[in-house]
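Peer 1: Below, each chain spelled out in residue letters.
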Amino acid sequence: MRNFLVRRLLLIVPMIVAISLIIFILLTLQGDPFHQLLMNPHVRPEDVQILMHNWNWDKPLPIRYFNWLKEFVVSTFAPRAGNGWGFSLLAPGTNARALILQKLPLTLALSGGSILLSIIIAVPIGIFSALHQYGFGDNVGTFFAFFGMSMPSFWFGIMLIIIFGLKLHWFPISGMHSDMLPAGGQLVDFYAAPWLARLVNRAWYMALPVSVLSLLGVGGWMRYTRSSMLEVVRQDYVRTARAKGAPESVVIRKHALRNALIPIITLVGLTLPGIVGGAMITEQVFALDGMGRLTLQAVLGNDMFVAMAILMIDSLLVLFGSLLADILYAVADPRVRYS
Amino acid sequence: MKEYTANEELKLREAPTETYVSNILRRLRRNRMGMLGLAMVFVVLVAVIFAGPLSFGKSPYAMLSPADLKPGQTTPEFMTPNRDHILGTDELGRDAWSRLLYGGRVSLLIGVVASLTSIFLGTFVGLVSGFYGGWFDNLIMRFTDTMMSIPTLPLMVVLAAVLKGGVLNLILILVVFGWMGDARLVRGVTLSLREQEYIEAARAVGASPWRIMFRHLLPNTAAPIIVSFSMSISSLIIYEASLSYLGLGIPQPTPSWGNMLYNAQNYIFSAPQLVWFPGLAIFFTSLGFNFFGDGLRDALDPKLKL
Amino acid sequence: MRRFLSIVLAVVLVLAVCSPVLTARAVGFKDVAASYWAYDAITALAAKNIIVGYPDGTFKPEGKVTREEFAKMVVLAKSLALVKPAIATFSDVPTTRWSYGYVEAAVKAGFIKGIGGGKYAPAVEIKRQDMAVLLVRVLGKEAAADAIAVPGTFSNDEAKVSSYALKPLSFAVRPSAQLLVWDAQRNINPLLSGTRADCALGVYRIVNPPVSTASITVALQQNPDTLFYPTLSSMAASGMVMAGVGDGLVGQTPTGALYPSMAMEVPTVANGLWKINETAKTMIVTYRLRKGIKWSDGTPVTSHDFAFAQTMRKNTDINLAGSRFVDDMVDHIDDSDPYKVVVFWKDLYPLANWGMEIDPAHILEPIFNKEPKDINSCSFNQKPIQAGPYMVDAWEQNGYVRLKANPNYWGGQALAQTVTFRIIPDSTVILSHFIAGDVDVAAPGMAVESANQAQILQKQASDRYTVTFIPSIYWEHITVNFAKSQAGQDYRVRQALQYALDRDELNRKVFQSSRTIIDSWASPGSPQFNSSLGNYPYDLEKAKQLLLDAGWTLDASGRRLDKNGKPVTFEISSTTSPVRAQQFPVIQADWAKLGIETTFKPISSTKFFGDILPAGEYDMGLFAWGGNPADEGSAYGLYTTKSITWINGQEGQNYSGISDPELDRAREVTANTLDTATRNKAFRDAQVVTHKLLPEIYLLRYTSIKVESKKIHGFDYPLDSGNIAYTWNISYWWRK
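Protein chains in written order, with this note's numbering: chain A, 1 to 339; chain B, 1 to 306; chain C, 1 to 736.
Calculated directly from the structure, the hints in this document are not laboratory data.
Any given hint could be a false lead.
[As the list claims (entries may be wrong)] To give a feel for the contact side, a few chain C residues facing chain A, derived at Cβ under 10 Å:
#1 V392
#2 A394
#3 T576
#4 S577
#5 T678
[Claimed, not checked] In silico DSS-like pairs for lysine-lysine, Cα to Cα no more than 30 Å straight-line:
#6 B:K164 with C:K459
#7 B:K164 with C:K563
#8 C:K459 with B:K70
#9 A:K167 with C:K566
#10 C:K383 with B:K164
#11 B:K58 with C:K593
#12 C:K593 with B:K164
Where is the CB? At the ideal position from N, CA and C, for every residue including glycine.
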């Protein structure tokens, strides 16, 4: 196991370097932020030349890349020494790290909440579906699962806004929180209100976007649970338990469920990148200031360093996430042995 | 599990043995969701293939002008469904029904071709990698993993912003980020089958590696590939719609379900039907392929006793 | 007999009952339209019979009012009982005079004190400044007016105000009073006689004063990049937010009238504060700063704040958002006198009296002196301190910006306690907010964008919002890349393309006919517009003929070939805006009638404006830009050879690559001549050339859409000005 871990961790390094190179080249195709500053008639070319020189951008691509890579590594492992993964075009005065840290909490709340909700809804349905395979319940469950997976998220999001926000007034139409809350009889600034009021307010604003996101994810979780359950239920030991004369509910609960849920846990590792990667389009529709929106703006707006930083984080999370999934699998299922 | 009565057991035992294909078909027929999916896919395919005749002579590009108005109609744009135009007209006065059909052609074409190309590419890579194994396999798989680890949607956006819009470029973008799943799948199957006796036998007989790969291994990977084909069409159609929502999909005036949604997004309040139709079309098609693919998976799964 | 009498009685009774209705209907005066600036005041007062019209149904709002008539209006408005003491207070208002009761009532209430010498001068027309004095007394705010630390009327004729009337007049024009209005040239006209409309407004306001409002919510579609405006930001969103927060030496109305704010007057050649040396090409502009103005944190404002701002702007470590083109013309600012900002110019700049930028030196100078680069990232970007009617209270990125009223603003506290700018990027969601009613205002061009959305609002929420279309400075066009496009071969080709566009149909189809057709980059109505040039109406036959004249023929299959025999194809690049995507098929269909094939290439806007256009990597570009009605054409160095962007990558936005000696000459004149007439003629000369050569094919001028809650007063934005934000007078807005 230890060898396995070490090998995998070592492998991550060349992989992440390769990934960064690919992403860097792709982003450069769009044009770099200096080029854009240069073309801005309001900015003096001499000023841009100085900036470019500081970033070694007036040199050919490989040197630029290495310069960025060096800066990235330094900023990651020695935060105080570096300059926070690069400056931002879109938000002058901040750097990539500051921006990311700003948007991260919202995205974590959004994605985390939706994954939790997805699992809570999907797993029971998946189990139910598996136990009534091809029955009516299964069909309903499957329909429900694919319902979510077949829906374009922005369409669904706008529909929800119109129905629940506009027509029914149950939820706010957009935004992340109210700017003022009632506290002690009068309105105070949001940040001055008690934490519970703030939490409730945020949850209220998050309700619709979390619903959209979890609906999209429910399908996947449900199908996975169902197939995992199906496989377990066919196993010999379950047949034995039934043959023993145990009531069905005990069979399911004591024998089948635990084993069926193991793969689900490992799946959590694989969804890790999604939590931080955010939901680009959903955040756009609901006007939420999270990582997804930042990614979209950075990518489309040529905010090169910010985009690189975000995409690197995403990729790292994918790599670590799959490693985590494999580890969890080994921990949960003693039959699995890595060499 | 179903308990069989004595009679049914007898019938089963005496039933003639089936061929592989007829076995699959029987199992598929039993799966009601799968059949529903098949029907849905069939409806959509017929509709888009016969878009021409089904448009009843309307063109998806011709814009109505005020001169074409009949008495009682106020504006040529945003017409609600009427006798001349089954689904009414869109924001530029074009027939919405024919745009839906022709748009379906584009969206489906993109989905099918991108899926097929991904499969070809992925299968080839997976077969070769799995067959040869060793460090070669390791290298290819690391590369595959690397590509899989890259966040897809943002980079699709980057590529779409760089390349000129169009069906070919969009397919290219979708394939570049989509072949990896099939490669892994096929490689997995190849690895597990590599050590089987019949492969050894083929080698002993002197079959060339290519022959072994394509004649013996490939057919066994057919099952998961077919399932993947069906399910990925569904997600590729949604990717196309997402890219179009950002304005980066198929450029005007060619219709696609994605860019029809994009065009109509400002008119949700005044002409919601323009948002409903393409949205429902995407949803319906996607759902159909998902159901069908799922049913296929069950039908093709040898471990499932049906 | 009895029957006859009872009929008469019945008729009389009916008439008596109906007469209020009759007189009320007669309140609609023939010469006071609903859009008249004093309409509300006149209508309200007339309904109460405080003022009356003439028998012919007119009101004659420009008529004059005598001092005794004014006294009567005030007494009626305050519902005072007439007072008729035995001895008259004033010798010229004896007991027999018709206005005796009214004048004495006003005396008793303490409103009027006479002109001295026991006289009142009842038959003299009342001067506007005296109106202010009287009305302030009526409001009971004499002491408050007296306590004004820094009097100022924001008008160009402040020097004419008599010393006794200065403070009351200053009070009268503050947001809390709004008793008198300026004229179109921003004069307060203190010595002119108050008109009937003026008096109606003043009297109306004392009975219905503007009330303090808790909050106003404005929809904003973009998140400002920084609030350090205009030094580090040129975003319209930042400008909108900061318009109410900053104050400057000189202000400007949306129609382009300059007026003094922090300065005591606008420097002009006439008043000697703007000295020009034409031969040496130098100028000296002096602004006299009012004494007693403070930053919102209480520190006094001095001329050093202006000098420091200029030093900061000139420093190359600062990521300046605006153009240094003007700053480079400033030699230095002399701040030896703390209340005189003396600007030394080393070039002749026509707009030198538009004011100078100001920033709090006491906050920023220490940061700047330590390390100028730190200015780019200091906290001032998020929470700036300025000296205007509002202060920045909170800014949640991509969420909202909240302003709160600055109680120490020298010009009078704003009416709305807080103003919240809600940042909502999706236009459908903005519309939803309006339909739901939780936003009050949408600034033109910054929230509701399409005529279609405006129509929806008009249909669904017309009881709550007023939706107005105003002319915008932005106009959409197709720029032809002379170096790359086939259309660059011959100007006749471009004219043909212009004639072949059915812009009425484009306007109708895509914009519900809400936009306007234009054929020039200057706006009709401005003195720079050349009205002797023709138009480009839709004329397909003429277009075809022009193409043939240019040697562009049709081949056998109907395709158009250029003069080299190559098939003609155009590729129009543009942003990913759905509105542009909607215009394209119409343009494509129009040009298809000429046998020309056109394709569309949407690109993300940052790449399009930042990369593609300036680098000349396009065939044709579809986009919009705008000019400032106060001064067209000189702000951006369009159309000159020097500013062809892909040749020298420098200033200017000559994306088409047009190069014409006449255009270059015209630009020289407009940039360096101070005489308005000469400049305007140069603009008109330039238009002759651009009209013929068509570096840009004209499409439509935008129409901006204002959405304003019916409950909120105070908006003043008749047209979309390039310089002045919609929120320029936000301190005057209040909720009914």
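Peer 1: Against this structure, judge whether each hint is valid.
Peer 2: How the hints compare with the structure:
1. V392: violated (13 Å)
2. A394: Since the shortest Cβ distance to chain A is 6 Å, the answer is holds.
3. T576: holds (8 Å)
4. S577: violated (13 Å)
5. T678: violated (26 Å)
6. B:K164 with C:K459: Cα-Cα ~40 Å, so violated.
7. B:K164 with C:K563: It holds: about 28 Å lies between the C-alpha atoms, which stays within 30 Å.
8. C:K459 with B:K70: Roughly 25 Å between the alpha carbons, so the hint for K459 (chain C) and K70 (chain B) holds.
9. A:K167 with C:K566: Distance of about 57 Å is beyond 30 Å: violated.
10. C:K383 with B:K164: Violated: K383 (chain C) and K164 (chain B) sit about 42 Å apart, past 30 Å.
11. B:K58 with C:K593: holds (20 Å)
12. C:K593 with B:K164: holds (25 Å)
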